[in-house]
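Protein chains: 6
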Amino acid sequence: MSKLDDFRAERQRMNEKIMNLDHLGVKRFFNLDTNTYRDGALDGKTKELLGLVASAVLRCNDCIDYHLEQCAKEGFTHAQIIDALNVALIVGGSIVIPHFRHAVATLEQLQQEGSLAG
Amino acid sequence: MSKLDDFRAERQRMNEKIMNLDHLGVKRFFNLDTNTYRDGALDGKTKELLGLVASAVLRCNDCIDYHLEQCAKEGFTHAQIIDALNVALIVGGSIVIPHFRHAVATLEQLQQEGSLAG
Amino acid sequence: MSKLDDFRAERQRMNEKIMNLDHLGVKRFFNLDTNTYRDGALDGKTKELLGLVASAVLRCNDCIDYHLEQCAKEGFTHAQIIDALNVALIVGGSIVIPHFRHAVATLEQLQQEGSLAG
Amino acid sequence: MSKLDDFRAERQRMNEKIMNLDHLGVKRFFNLDTNTYRDGALDGKTKELLGLVASAVLRCNDCIDYHLEQCAKEGFTHAQIIDALNVALIVGGSIVIPHFRHAVATLEQLQQEGSLAG
Amino acid sequence: MSKLDDFRAERQRMNEKIMNLDHLGVKRFFNLDTNTYRDGALDGKTKELLGLVASAVLRCNDCIDYHLEQCAKEGFTHAQIIDALNVALIVGGSIVIPHFRHAVATLEQLQQEGSLAG
Amino acid sequence: MSKLDDFRAERQRMNEKIMNLDHLGVKRFFNLDTNTYRDGALDGKTKELLGLVASAVLRCNDCIDYHLEQCAKEGFTHAQIIDALNVALIVGGSIVIPHFRHAVATLEQLQQEGSLAG
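Protein chains in written order, with the numbering used here: chain A, 463 to 580; chain B, 463 to 580; chain C, 463 to 580; chain D, 463 to 580; chain E, 463 to 580; chain F, 463 to 580.
In short, the hints are calculated from the structure, not lab data. Mixed in with the good hints, there may be bad ones.
Just so you know, same-sequence chains aren't split out, so a pair can sit in one copy or run between any two.
[To be verified] In silico DSS-like pairs for lysine-lysine, Cα to Cα no more than 27 Å straight-line: (1) K489 <-> K507; (2) K507 <-> K465; (3) K479 <-> K535; (4) K465 <-> K535.
These figures come from a predicted structure and were not determined experimentally.
Could you put the whole structure together from the sequences, leaning on the hints where they help?
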């Protein structure tokens, strides 16, 4: 199992535990979070890219991995994702570089799985 | 002169002073920053929206105002910009709310100037 | 009208505009945010204090003012609020000091209004 | 040895090294940090919960683990800790979710050790 | 009175109020903060520059103003301060630009007062 | 191979991949980042220390490790580096402590390699 598969499994396992906590506020927030990336005035595809850049400037590798996967599913190409990450790099500065490296490694795994266009 | 005009004038006045500092590194960064939002693998329009969301989750009102103006110029509608800011709100949480209020006030000024679609 | 009254009026005026945007996700988040500070496994009073400290370490003056008002309403004394802000100061460091100064000025206004115990 | 035990051992080992550096400023800060959570205008128990929420919105897993342990020692129940973390989630947004998952995993270990009430 | 004088007066007035709160932890932290910039293994002059860059990447204008003043007193030239702020700009990214503008305006005031070398 | 060697190898391997992405903006930023720490109005040695403190308050372990190595190469002693990290600790607060522990562990490895003075 790849590191990305580990992350996916662990993420799902823990999210299920969180749902089972039965805290109404937490459940509503998770639900709201999921709905945020549905089509609206902007299409869901664009919003996944916004989520990726937000995650990158806030420097959260788990969030970056999640949104990279969603961006790949939505059909963004490798070059487009790099161009989006470049915006994060310029806005967020060199402190973003370690997360840029992380993102490039994850993109490589998505390519190897065949789940990334371009 | 509106608050937004004040900001524009002050922003330009100070950016000129910064260029006149003649620090090569600073000049190159400002140049690189401008070029980031040119068409590339992603079109410039999409990248302005990415810049807006990055500015919102990092909670910088001046950066939000700048990117709101650019997003309006690129033709995003009021509803689309709100939908993008909603992504920032969910990613960044209630601490983003004061900046959401600021953004809505700026959007109102852009509407009054007639520079915002929709 | 005091600076605190200005803030209250502006905050309410803009929050109403945000509700009128009629963005379902934004409305749900605002609703969820309000409900967060209701009694639950922890009482609402304690949660207001948590909101204050979170706002202080994230360095948001508007959020600090809002939670200071709520903490005063819930009956926390001046000394208790300072003790909570001290936690924020130690966790967040000297970068929090300008916000500590802001909070002390707001507390003074709450005292002058007679809305703060102790 | 559990992951939590590893963290405890490593934390203590490194803190001792830091004390041995014999930097007066560093030692005073560590001392001040410890004293912050003693009873004062607020009781120490409440302040541990404030420390937890501050750690969560600032997204520091090691700090979260440390304060979870302290909150458990002080007698907070699992449900109360989750309710506090929910405040952090709403204030800090979805970027806090990976740290929420981390906290839930640590709480599970504290339960298995029998050091968590409720 | 210049904007910088206003800031100095307000800063001193509020710091005195904070000392008068008589919270031992807060007082110790303020004392520790002052001592941090005394000569040690590094001279105080270098540490003021470190304080400036830390303030700039954390994007706190009040902290930037305070450290700019200290850096000017310690004898750093305008060009050296700009070179330090450039490090902050590259590490912290374009989100630092509004604070860079703020710093350049403050440096101008320090020059007009005759308190900045070079 | 030590953990520090692993980090160095992985860092170089990924940076090469990033250069091979052939994104002009990314390449220019990496180039600009490298040039930032060259001698200018401030000498490169001082700027490496600024980079270290910026990395510490922004809480990025990879960036801390990189700048620790550069600071060691430039001839800063162990005591001087600790004094710089103490500035980061006071500015950034107890949330910096886990990164302080990380830095002390990396300094130990640099000492064992014989690449750190004092």
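These are the hints, each one checked on the structure:
1. Proximity of K489 and K507 under a CA criterion of 27 Å is satisfied in both settings, with 24 Å inside one chain copy and 22 Å between copies.
2. For the identical chains of this complex, K507 and K465 are intra-copy neighbours only, at 25 Å inside a copy versus 34 Å across copies, given an alpha-carbon limit of 27 Å.
3. For the homomeric pair K479 and K535, the shortest alpha-carbon distances inside one copy (26 Å) and between copies (23 Å) are both at most 27 Å.
4. Within a single copy, K465 and K535 get their C-alpha atoms as close as 19 Å, which meets the 27 Å cut-off; across copies the closest is 34 Å, which misses it.
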